[in-house]
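Turn these sequences into a full structure, and let the hints guide you.
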Amino acid sequence: MKVNKRVDAIDFVRGISVLLMIPVHSMIVYSTMDTWNNTLLGKIAQVLEKGTPMFLVVMGLSFVFSSRLSMKNIIKRGLSVLAKGYGLNILRFVVPMIFFGGFPRAFIEGNGLTPGDSYNLLFFTLLGDILQLAGFSLIIMGIIIKFIKNKYAALISAMLIVFFSRELSGFRPGIVGLDYACDLLWGKTYNVYFPIFPWMSFILIGLFFGMWYQERGNDIRFMFGKMLPFGIAFLFIGAGLCYYNYEYNFGDYYHLGPGGTIILMGINLLIVWLGHITVKHFPKYKLFSVFYYSSKNVTSFYLIQWVLVYWGVLLFGFGSQTSQVKLLLIIIGITLLTFGILWLKEKGVLLFNKNKKVSPKIIKEATT
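Its first residue numbered 1, the sequence shown is counted upward by one per residue in our numbering.
Hints are computed from structural coordinates only; laboratory data are not their basis.
It cannot be assumed that every hint is accurate.
[Said to hold, decoys possible] Pair by pair, the computed Cβ-Cβ distance ranges are:
| # | residue 1 | residue 2 | range |
| --- | --- | --- | --- |
| 1 | E247 | N37 | 14 to 22 Å |
| 2 | K345 | F100 | 16 to 24 Å |
| 3 | K149 | D117 | 48 to 56 Å |
| 4 | W343 | I175 | 44 to 52 Å |
| 5 | I175 | K284 | 25 to 33 Å |
| 6 | E49 | I98 | 26 to 34 Å |
Since the structure is predicted, the reported quantities are computational estimates derived from the model, not experimental observations.
Every residue, glycine too, gets a C-beta built ideally from N, C-alpha and C.
Below, the structure written as structure tokens:
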């Protein structure tokens, strides 16, 4: 999807969201449950984890900045994201299992699997994460985009997903293959972390605001201004629903009920609004270039950091780290390595393109 206009606030929050994945993922994978639940670093990671939907809201917003919104292009983009998602699973799980001696027993058993079982390779290859969510959501968006004629169609679609997903959650027909498809759509087990329903609602709420932005003549201040009251309203509505029935309305973070989904919607709309305010008042702040760079390379950044985090299990173990200092050093190390690999990748691409341009010239000179 080719973006023809970049908005600093969107790049800012998207860059932050992908950067914050490293401390969150590192804590989830390396820390003990006690460290996760009862230490300062663990508490910070739990708060940062709630910002994951920001990536999805921004994804929906970005639709309106694309010059290629045809069904064919959106579906093609979705298939590309899916290929990256399943390719990532092979890189971060299957490669270490086959070539590096495998993961620790605690890691395999922590995923409800039996060490040494060949099924483990299939399980990890098909694991549903945020790229699977994004890819399948794009395919669905490609199919329905021509029916979403105005912003309220996007808003209503988002709310329907929010309130009806819980009723379908966990349904499986008991047929191999179809069960996996149902898990991707509305599962409540941990072979799929981000089922399409309800998580696709975050993309649609982003699309709602993006369409409102277009409707108002590309008034960026108006769009971000509306996020503030909507964010506050969603926060209170979601909190009220969770207070009424927490188990039904929140559930767990990855398999949310309507109340939990609306709370996170409110939180992330407020974060995006704060991003706009920050960029507006500090437009030339040098640190922001790091966030813009991360946003520009969001997919590569995401892929690299996940591979490093899971390959790191072979060095640091799974769910066994208790030292906050060591965990902080691991987080810093993975962050620096990720940026280093991105830099090498960019240099490699530049060198390849340079050689590609030079080669025809050499051939031409040799034949004249």
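Status of the hints after comparison with the structure:
1. E247 to N37: 14 to 22 Å: holds, 20 Å
2. K345 to F100: 16 to 24 Å: holds, 22 Å
3. K149 to D117: 48 to 56 Å: holds, 50 Å
4. W343 to I175: 44 to 52 Å: Holds: the Cβ-Cβ distance is about 47 Å, inside 44 to 52 Å.
5. I175 to K284: 25 to 33 Å: At 58 Å between Cβs, range violated.
6. E49 to I98: 26 to 34 Å: Given about 30 Å between the Cβ atoms, the range holds.
The structure fails hint 5 only (numbered hints given earlier).
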